[in-house]
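2 protein chains.
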Amino acid sequence: MPVHSVIDGRGLDEAPAPRRDLEPAIATLKRLFGDRASTAEAVRDQHGHGEGWYPTQPPDLVIYPHSNEEVSDAVKICALHGVPIVAFGTGTSLEGHVAAVEGGVCFDLSQMNAVLDVNQEDLDCRVQAGVTRKQLNAYLRDTGLMFPIDPGADASIGGMTATRASGTNAVRYGTMRECVLGLTVVTADGRIVKTGGRARKSAAGYDLTRLFVGSEGTLGLITEIQLRLFGIPEAITSAVCQYPDLESAVNTVIMTIQTGVPVARIEILDEVQMGAAIAYSKLDGYDEKPTLFFEFHGTHAHAAEQAETVKAISDEFGGSAFHWASNLEERNALWQARHDSYYAAKALAPGKKAIATDVCVPISRLAESILETKADIQENGLLAPIVGHVGDGNYHLVLFYDEDNADELAACKALVDRMNSRAIAMGGTCTGEHGIGLGKKRFLEAEHGEAVAYMRMVKRAFDPDNILNPGKIFTD
Amino acid sequence: MPVHSVIDGRGLDEAPAPRRDLEPAIATLKRLFGDRASTAEAVRDQHGHGEGWYPTQPPDLVIYPHSNEEVSDAVKICALHGVPIVAFGTGTSLEGHVAAVEGGVCFDLSQMNAVLDVNQEDLDCRVQAGVTRKQLNAYLRDTGLMFPIDPGADASIGGMTATRASGTNAVRYGTMRECVLGLTVVTADGRIVKTGGRARKSAAGYDLTRLFVGSEGTLGLITEIQLRLFGIPEAITSAVCQYPDLESAVNTVIMTIQTGVPVARIEILDEVQMGAAIAYSKLDGYDEKPTLFFEFHGTHAHAAEQAETVKAISDEFGGSAFHWASNLEERNALWQARHDSYYAAKALAPGKKAIATDVCVPISRLAESILETKADIQENGLLAPIVGHVGDGNYHLVLFYDEDNADELAACKALVDRMNSRAIAMGGTCTGEHGIGLGKKRFLEAEHGEAVAYMRMVKRAFDPDNILNPGKIFTD
Numbered sequence: 001m002p003v004h005s006v007i008d009g010r011g012l013d014e015a016p017a018p019r020r021d022l023e024p025a026i027a028t029l030k031r032l033f034g035d036r037a038s039t040a041e042a043v044r045d046q047h048g049h050g051e052g053w054y055p056t057q058p059p060d061l062v063i064y065p066h067s068n069e070e071v072s073d074a075v076k077i078c079a080l081h082g083v084p085i086v087a088f089g090t091g092t093s094l095e096g097h098v099a100a101v102e103g104g105v106c107f108d109l110s111q112m113n114a115v116l117d118v119n120q121e122d123l124d125c126r127v128q129a130g131v132t133r134k135q136l137n138a139y140l141r142d143t144g145l146m147f148p149i150d151p152g153a154d155a156s157i158g159g160m161t162a163t164r165a166s167g168t169n170a171v172r173y174g175t176m177r178e179c180v181l182g183l184t185v186v187t188a189d190g191r192i193v194k195t196g197g198r199a200r201k202s203a204a205g206y207d208l209t210r211l212f213v214g215s216e217g218t219l220g221l222i223t224e225i226q227l228r229l230f231g232i233p234e235a236i237t238s239a240v241c242q243y244p245d246l247e248s249a250v251n252t253v254i255m256t257i258q259t260g261v262p263v264a265r266i267e268i269l270d271e272v273q274m275g276a277a278i279a280y281s282k283l284d285g286y287d288e289k290p291t292l293f294f295e296f297h298g299t300h301a302h303a304a305e306q307a308e309t310v311k312a313i314s315d316e317f318g319g320s321a322f323h324w325a326s327n328l329e330e331r332n333a334l335w336q337a338r339h340d341s342y343y344a345a346k347a348l349a350p351g352k353k354a355i356a357t358d359v360c361v362p363i364s365r366l367a368e369s370i371l372e373t374k375a376d377i378q379e380n381g382l383l384a385p386i387v388g389h390v391g392d393g394n395y396h397l398v399l400f401y402d403e404d405n406a407d408e409l410a411a412c413k414a415l416v417d418r419m420n421s422r423a424i425a426m427g428g429t430c431t432g433e434h435g436i437g438l439g440k441k442r443f444l445e446a447e448h449g450e451a452v453a454y455m456r457m458v459k460r461a462f463d464p465d466n467i468l469n470p471g472k473i474f475t476d
Numbered sequence: 001m002p003v004h005s006v007i008d009g010r011g012l013d014e015a016p017a018p019r020r021d022l023e024p025a026i027a028t029l030k031r032l033f034g035d036r037a038s039t040a041e042a043v044r045d046q047h048g049h050g051e052g053w054y055p056t057q058p059p060d061l062v063i064y065p066h067s068n069e070e071v072s073d074a075v076k077i078c079a080l081h082g083v084p085i086v087a088f089g090t091g092t093s094l095e096g097h098v099a100a101v102e103g104g105v106c107f108d109l110s111q112m113n114a115v116l117d118v119n120q121e122d123l124d125c126r127v128q129a130g131v132t133r134k135q136l137n138a139y140l141r142d143t144g145l146m147f148p149i150d151p152g153a154d155a156s157i158g159g160m161t162a163t164r165a166s167g168t169n170a171v172r173y174g175t176m177r178e179c180v181l182g183l184t185v186v187t188a189d190g191r192i193v194k195t196g197g198r199a200r201k202s203a204a205g206y207d208l209t210r211l212f213v214g215s216e217g218t219l220g221l222i223t224e225i226q227l228r229l230f231g232i233p234e235a236i237t238s239a240v241c242q243y244p245d246l247e248s249a250v251n252t253v254i255m256t257i258q259t260g261v262p263v264a265r266i267e268i269l270d271e272v273q274m275g276a277a278i279a280y281s282k283l284d285g286y287d288e289k290p291t292l293f294f295e296f297h298g299t300h301a302h303a304a305e306q307a308e309t310v311k312a313i314s315d316e317f318g319g320s321a322f323h324w325a326s327n328l329e330e331r332n333a334l335w336q337a338r339h340d341s342y343y344a345a346k347a348l349a350p351g352k353k354a355i356a357t358d359v360c361v362p363i364s365r366l367a368e369s370i371l372e373t374k375a376d377i378q379e380n381g382l383l384a385p386i387v388g389h390v391g392d393g394n395y396h397l398v399l400f401y402d403e404d405n406a407d408e409l410a411a412c413k414a415l416v417d418r419m420n421s422r423a424i425a426m427g428g429t430c431t432g433e434h435g436i437g438l439g440k441k442r443f444l445e446a447e448h449g450e451a452v453a454y455m456r457m458v459k460r461a462f463d464p465d466n467i468l469n470p471g472k473i474f475t476d
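Chains A and B supply the protein sequences, listed in that same order.
Under this note's numbering, the residue at position 391 of the first sequence is numbered 391, and the numbers go up by one with no gaps.
Under this note's numbering, the residue at position 138 of the second sequence is numbered 138, and the numbers go up by one with no gaps.
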């Protein structure tokens, strides 16, 4: 059985869906965009996949717009010819979001990378979609402000908005759902639409902003984002603590959240992942044990008080002495190791391909959910380190398979399926932050049931010809 | 000119919109609901208005469902006969949301008032729509948890969800937008749809939950709400501080927010409102001066530290000594006085009717916005106390008019219009928390422009026959 036949969505062995007038659309766009339009195979291939395991499905053309108006013009051309549109930021998504499953035109927005406006007094800013989170934080360096959402990869703000990204700081600062104040979106007929505003709250009409956040390019192309910012805290302290078993680590997390400590980051690495991190990131002085990474933000006194409270909780569950990252350099090294865990995990199985997946459950079910998943991994003889934003009940698995071994891939996918089903049965979600994309379409139905009919109504109303990232989110 | 002809929406002097088969719908519903269906004039009148200034527009029938299934059955009957549906909670909305401008059936959900589930470990709960916020907090008393959102009135959670309510604690805990995790909604064809879930975050599909939050009964009837809860803080301290002028008070607020102090409440009363509060609520020892009410939540140390920081900021702007509400009784009296400000204001102008309105602006424009509004009030010789959730940039005005004086009403409405226009021009919103209802429909267009077309698309898709609270949010 060829590997491709087991992917969700339109397999490569099937004929592509009928599409209308691709050639004239490409010709017109090439004239319009000149050397900012490419049909080169290497360019198309590079834009046909994210960082997930999904096979490359290249678009027919890649364009690099520079303005809302250029995006609008290009969308109008695609709409006229019925050609699919896929938005592209940094290509770091994990669920096949950018795969051009029906071909069409990839809108690479990476050159729309201006920070348009920073309002220091209002703690907000407006950026173009191609600005990355690290670029934004570098830009903000002298203002005393920060943009806290940190999914690990240096993703574009547009992509983070489109996938409702979150990451390590979300337990304190929220996700893109909470941090986006407003948007500029180019819709399926090329209209340039502004949603939301700069007020911290509003009761004026339907919340279109949150409807576009997490819509994965299927309702419109997000070109500008108004973001909440936060003051850089007076004190930031990081610590690492190791536990005799996974349950003790998870229980420390649960108790911390229930106690209401406003911890900024609380991350788990299981013993497999910790082993990988020690090897890959040269973390000296640690054991291959379940481990928590903490970060505390606040005034000096408040950060210290938070740390003290968490330390007391951790002691109760048999945690080791806190290992403090006392200076900026050590702190950065620590979080870099955390962020590199996907690469560290990959290094455990050289030559193999990796599937990264995530679920999120109510925190009371977190220990049970992780332990059942670990048992499932062991029963199936798979290698699959666990890492997670456990303060939100969100954790990740990386599974490995041999590219030539469809059975191994099928076993990995079956495990992911069971993990999703268990999370949904516990009142959780099949994805806390990666999105539906190609891979979790069936689980969207399992999780949301009848509500999916209403999501489809929105899709049909906003994009009646289904040209915006077709084949994603919804099963056919 | 009769007063009614100046209201927005369908005036009482006009013929009602054509509606189909009202009589058989009423007959069927009366059979189905028995003594939980009423056509009595007093009952219908009571359900034809909220607490706003809008003339009563009674429904033709009021029903009191007890379950999702009963709501669904009744909606199906209304849908079959094309009869308008208006949801009703406690009748405390301010923008005419419950006025039955096209007649029809009022669904009074106040008897769906069960707390269905409290998950202490996960800090969440599920309630029926008719549960009020005070009822919920009384229910939670022994759990150590609280539901913080507090719009003043003891509104139903369903109504608060439908209007995206917020209030005094929103600066710290967010609004209904942030605190609703999921919903059960009965849609226009009677389907019972569940949105969201219990996970703290999810990237699974379109955010229907936030689409229904703030939809004012026009997209579906919200029957159950999954809510975030918070631990009752170890320490809660309240203080009052008075200022030589409004600008100093507002600048204290702005600096507090910009400094990042996680203040739980920061409320302004201008000198007119403070005078009213002193008289109405017997607040002894205060002057008729611009005044801030503060509340600090946290551990004892952290609450004290926050208060100290704010005190230092306040001193810089010439604030008086902090008057501390040291015990629970004094604190409750203080916040009761704050919550009673609408009634206190009304007592300033006995026999007159009141218009309550609100706007919200970026905090950097707050002083300017309030001062321009005060100047406008003075220029027009009106009496209009100001009170506000200023930590969010949100403030309210209460204006008075004589019921028999259409010119006075018109002058009040013109002032509200200018206040809305100025707020929008400053990047703010025409309503921070009251909603659009009947009164702000034109300003929805002014604020959101082209985006309103997409709101209408959602409305048409979800409610093609426009039976759900017709005449609200959108201009005809």
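Each hint should be verified, as a subset may be incorrect.
Computed cross-link-like contacts, SDA-like style, restricted to lysine to any residue with a CA-CA straight-line distance of at most 25 Å [claimed, not checked]:
| # | chain 1 | residue 1 | chain 2 | residue 2 |
| --- | --- | --- | --- | --- |
| 1 | A | Lys413 | A | Ala461 |
| 2 | A | Lys76 | A | Glu51 |
| 3 | B | Lys194 | A | Lys374 |
| 4 | B | Lys76 | A | Ala461 |
| 5 | B | Lys353 | B | His323 |
| 6 | A | Lys194 | B | His49 |
| 7 | A | Lys194 | B | Lys289 |
| 8 | A | Lys134 | A | Ala461 |
| 9 | A | Lys194 | B | Ala453 |
| 10 | B | Lys194 | A | Glu51 |
| 11 | A | Lys194 | B | Arg418 |
| 12 | B | Lys194 | A | Glu178 |
| 13 | A | Lys194 | B | Lys282 |
| 14 | B | Lys353 | B | Gly427 |
| 15 | A | Lys346 | A | Leu80 |
| 16 | B | Lys194 | A | Asp417 |
| 17 | A | Lys374 | A | Asn251 |
| 18 | B | Lys194 | A | Ile424 |
| 19 | A | Lys346 | A | Gln120 |
| 20 | B | Lys282 | B | Gly152 |
| 21 | A | Lys413 | A | Phe474 |
| 22 | B | Lys194 | A | Glu445 |
| 23 | B | Lys76 | B | Arg31 |
| 24 | A | Lys194 | B | Gly152 |
| 25 | A | Lys194 | B | Gly427 |
| 26 | A | Lys311 | B | Ala235 |
| 27 | A | Lys459 | A | Gln378 |
| 28 | B | Lys289 | B | Ile278 |
Hints were generated in silico from the structure; no laboratory data involved.
Under the criterion that the straight-line Cα-Cα distance not exceed 25 Å, is the pair Lys194(A), His49(B) satisfied? Judged against 25 Å, a Cα distance of about 33 Å means the pair is violated.
Just to be careful, I want the Cα atoms of Lys353(B) and Gly427(B) compared with a cutoff of 25 Å; is the pair within it? At roughly 31 Å apart (the allowed maximum being 25 Å), Gly427(B) and Lys353(B) break the hint.
Taking 25 Å as the top limit, are the C-alpha atoms of Lys194(B) and Ile424(A) close enough? Status holds; Cα separation ~13 Å.
So if I understand the rule, the pair passes when the alpha-carbon distance is 25 Å or less; does Lys194(A) with Gly152(B) pass? Between Lys194(A) and Gly152(B) the Cα gap is close to 32 Å, so the pair fails against 25 Å, i.e. violated.
Given the hint that Lys194(B) pairs with Glu445(A), does the C-alpha gap stay at or below 25 Å? This hinted pair holds, its Cα atoms lying about 12 Å apart.
Are Lys194(B) and Lys374(A) close enough, with their CA atoms no more than 25 Å apart? Since the Cα atoms of Lys194(B) and Lys374(A) sit roughly 30 Å apart, the hinted pair is violated (cutoff 25 Å).
Distance restraint between Lys413(A) and Phe474(A), which requires alpha-carbon spacing of 25 Å or less: 19 Å, holds
Taken at face value, is the distance from the CA of Asp417(A) to the CA of Lys194(B) at most 25 Å? Between Lys194(B) and Asp417(A) the Cα gap is close to 22 Å, so the pair holds against 25 Å.
Against the 25 Å threshold, does the CA-CA distance of Lys194(A) and Arg418(B) hold or violate the hint? Holds. Lys194(A) to Arg418(B) sits at ~23 Å (cutoff 25 Å).
Satisfaction of hint between Arg31(B) and Lys76(B), Cα-Cα up to 25 Å: Satisfied, since the Cα-Cα distance of roughly 15 Å is no more than 25 Å.
With a cut-off of 25 Å on the C-alpha distance, tell me whether Lys353(B) and His323(B) pass. 34 Å, violated
Are the Cα atoms of Lys76(B) and Ala461(A) separated by 25 Å or less? Holds, at roughly 23 Å.
Hint compliance for this structure: hints 1, 2, 3, 5, 6, 7, 8, 10, 13, 14, 15, 19, 24, 27 are not met, and every other hint is.
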